[in-house]
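K.L.:
Chain residues, written in single-letter form:
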Amino acid sequence: MSAAFVRMETLPPRAAPFAATGLWGWFARRLFATPADIAMTIIGFAAFVLVAMPLFRFLVFDAIWTGKDRDACLNAAGACWPFVAAKLNQFVYGFYPYEELWRPNLVFFVGALLLIPLLIPSAPFKRFNAFLFFGIYPVAGFVLLTGGNLDPQRFLLGRFVRIPEFIDLSAIARFIGVSGHVELGSRGGFRGTFWIDFIASAILLTGAVAIIARLFGTRFVTSLKAMAIVFVSLALIIAPVDADFGLRWVETREWGGLLVTLVVAITGIVAALPIGVLLALGRRSQMRLVRWTSIVFIEFWRGVPLITVLFFATYMLPLFLPGGASIERLVRALIGVALFSGAYMAEVVRGGLAAVPKHQYESAAALGLGYWKTMGLIVLPQALTHVIPGIVNNFIGLFKDTTLVQIVAILDLLGQVRSAFSDPNWSSPTTLYTGFAFAGMIYFVFCFAMSRYSLFLEHRAGSNALRVEGAMR
Amino acid sequence: MTDVPVRREKLKSSWIFRPGVRSAVIQILLVALVVLIGWFIYRTTRQNIITQRIPIGFDFFWIESGFSISQTLISFNENNTYARAFLVGLLNTLFVSALGVLFATVIGFLVGIGRLSQNWIIARLCGGYVELIRNLPLLFQILFWYLAVLAALPGPRQSFTFFGDIFINNRGILMPKPMFGDGIGIVAAVAAAGILLSIVMTALARRYRVQTGTALKTWPFSLLLIVVAPLFVFFFLKVGVTVDRPELKGFNFNGGLRIIPEFLALLIALSTYTAGFIAEIVRAGILAVPRGQTEAARALGLRRSKLLQLVVVPQAMRVIVPPLTSQYLNLFKNSSLAVSIGYPDLVSVFAGTTLNNTGQAIEILGITMLVYLVISLVISFVMNIYNRRIALRER
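These protein sequence lines map, in sequence, to chains A and B.
Counting in our numbering, the first sequence runs from 1 upward without gaps.
Counting in our numbering, the second sequence runs from 1001 upward without gaps.
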């Protein structure tokens, strides 16, 4: 019996049908799969062309690129870029005095220099870098932008007792060479009464705290160390602000444009972090009153619109402060923004705290760590790393929300662009659209870059988590 | 063997170290601090109010406002009180928020599903929309629609005209206004009762289906109750309807129903902006439904519409609803940006004009913030209940 033919090897796979592979297959699958798909493709393509072509022509082909004033743009069918070029300083710095522009420029430059390595996960010296950015940079930036030399009068003790000025510290400072300029009346150098007040208050407070803490079982040395850190850092913040670097005082009324946008957004987020951490810890506290205080605070600020917060800061805050204490418009807005974004930050941080596994708390307790050490050394570092993308997203929201300050008459980037529309020197049919195009591009570039960065971090965190999980198995 | 003296250290433990005592002390300190700050603010504020001669109290509510409002849902003129102005503003806020939520949801779901489309160009367009909308400030978008789009429309005499009776120009949209005769209230009542009845009926039918497995057809009865019955009453009572058409008189239009450009700009910006965020939520929700669910439903032989309706959407909704709620709340709070273009919402009318006229910042801002707070809390409370109802019950 002869065996029937038996195939000894498998057949090679047949080639895929023509309509399923290559460019043609892709077209067939992704653009022309069904009649409805064909219709949608045509409509979608038409919509894209109808929007993109005129936009591109407006921005590039029909745009006017050179010119001195509105005459160049009177008959333009496209963007009037000379308008942006002429107003660029205003858009970026507001009415910051021209000869002092190096100051905001330096602040921008140093900020970028410190921020970029902070954002790159693999860059070294993270701790030091973060200290520079969150500790030194705000103070330096404040001094550079305002001019510093604030000349504080009293600290704490001085509110109750009169401090005799028996040593003129400003004379000593002048002798060392710290302060040379005395420009604006009473402003100038270190003020002796303030620093005597400061030192006396520091000693008294430290003593009082150390004695009370001793009753609760904290050793003298520990509380002395803690209080020393508090007062030395306070002094390190106040001293440069008080010192006279010979910089001209620039009122915040003169600030504007992108400078204000960045100042509000960055101050808001930097101030929001500590507020948010404290509120989040409070909200997860075992102590009922602490928890409820935090919940009420958080939900209050999250339940009202930012506009009303800014109105509150503009109209009500001055009433809350003792008579005569007037704070500048921008500072008032900053306080409102800080409280507002602090509440939102609290919810972000709370999410991170919830994500820290329970055994981390338990191990910390087993090691004998107290509450603050558990939180500061074990829980918060993990929680905050978890929520960095959330913080970045929060920052994007805040960056967009800074536009609202123009409603309380602070001219941010959008506000400056808007106010430039009414300049008769540049009134032309396309000025308005050019301004919107410019402002829109700036906002888009900033926000888009940040959102991509946050996505990158999320993916990184995701792949890290996978790797850790894999290692544990 | 000698006795080794056992050194017994007395453990330092005093009442002061007990956690309960500590937490009590901390909480007392916190309360003291809050009270102290409150007292300080109260004292300085009272001092400031006295020295600056600011009137206090809520008497201003009953003063004639002396201004008029460009869009009102209830009648309002200069002789009406500030209290009525407050009500007008609040209603305008709620009106634009409700419409905004509606449109944002529709656009958001369309775009979110569109992003997942097999069709490359549709997915790309929807993605582009989301990126563009989400990365531009809302205020920018409101001003753009108001100043660059709606203000750039031609004047009344060169209006775009649709169907002969609808005019679009830089004064807004004008359209015929239906004027109903007497008895329209009864028709509305019948319609409302019909809606209520059909909700009850659907719920009963649903319960019946859950218990017995037999699905009952309810929609013909709903149609009867909601559409046919009111129409019947309408014609039976001879309510009748006349139309008030807008007419060009000189340089402007008279009559008709006018939708002001401030409202349009705010509504368009709010709905498209929030839709960008809703789209992302919807996309994430749909992607969160495991593939196996779809495959299992197919294996059971469900049609595509049934598959979406019975398997995918109910599971996606569990993921979608909580963030959707916060988007609705955001839209509601963002409607306060109306003040930037002068749409008469609560902030614009009350915290703007009324505050400027009376100078009573504390009362007015306090009330305004309280209103937003209460409404936000109510919305999130209601949505939490809904959320609990649809949440997965693990058995």
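To be clear, the hints were calculated from the coordinates, so they are not data collected in a lab.
Some clues are possibly wrong.
[Claimed, not checked] Distance windows between CB atoms, simulated:
{"no.": "1", "chain 1": "A", "residue 1": "G111", "chain 2": "B", "residue 2": "N1387", "range": "55 to 63 Å"}
{"no.": "2", "chain 1": "A", "residue 1": "M287", "chain 2": "B", "residue 2": "L1377", "range": "19 to 27 Å"}
{"no.": "3", "chain 1": "B", "residue 1": "I1113", "chain 2": "A", "residue 2": "G111", "range": "50 to 58 Å"}
[As the list claims (entries may be wrong)] Which bits of chain A does chain B cover? Going by a derived footprint, with three or more residues having C-beta under 8 Å, they are:
{"no.": "4", "stretch": "80 to 90"}
{"no.": "5", "stretch": "106 to 119"}
{"no.": "6", "stretch": "123 to 129"}
{"no.": "7", "stretch": "133 to 146"}
{"no.": "8", "stretch": "263 to 270"}
{"no.": "9", "stretch": "310 to 319"}
C-beta: ideal position from N, C-alpha, C; glycine also.
K.L.:
Against this structure, judge whether each hint is valid.
P.N.:
Hint-by-hint comparison with the structure:
no.: 1; hint: A/G111 to B/N1387: 55 to 63 Å; in the structure: violated (42 Å)
no.: 2; hint: A/M287 to B/L1377: 19 to 27 Å; in the structure: holds (24 Å)
no.: 3; hint: B/I1113 to A/G111: 50 to 58 Å; in the structure: violated (41 Å)
no.: 4; hint: 80 to 90; in the structure: violated (count 0)
no.: 5; hint: 106 to 119; in the structure: violated (count 0)
no.: 6; hint: 123 to 129; in the structure: violated (count 0)
no.: 7; hint: 133 to 146; in the structure: violated (count 0)
no.: 8; hint: 263 to 270; in the structure: violated (count 0)
no.: 9; hint: 310 to 319; in the structure: holds (count 6)
When held up to the earlier numbered hints, the structure conflicts with 1, 3, 4, 5, 6, 7, 8 and fits the remainder.
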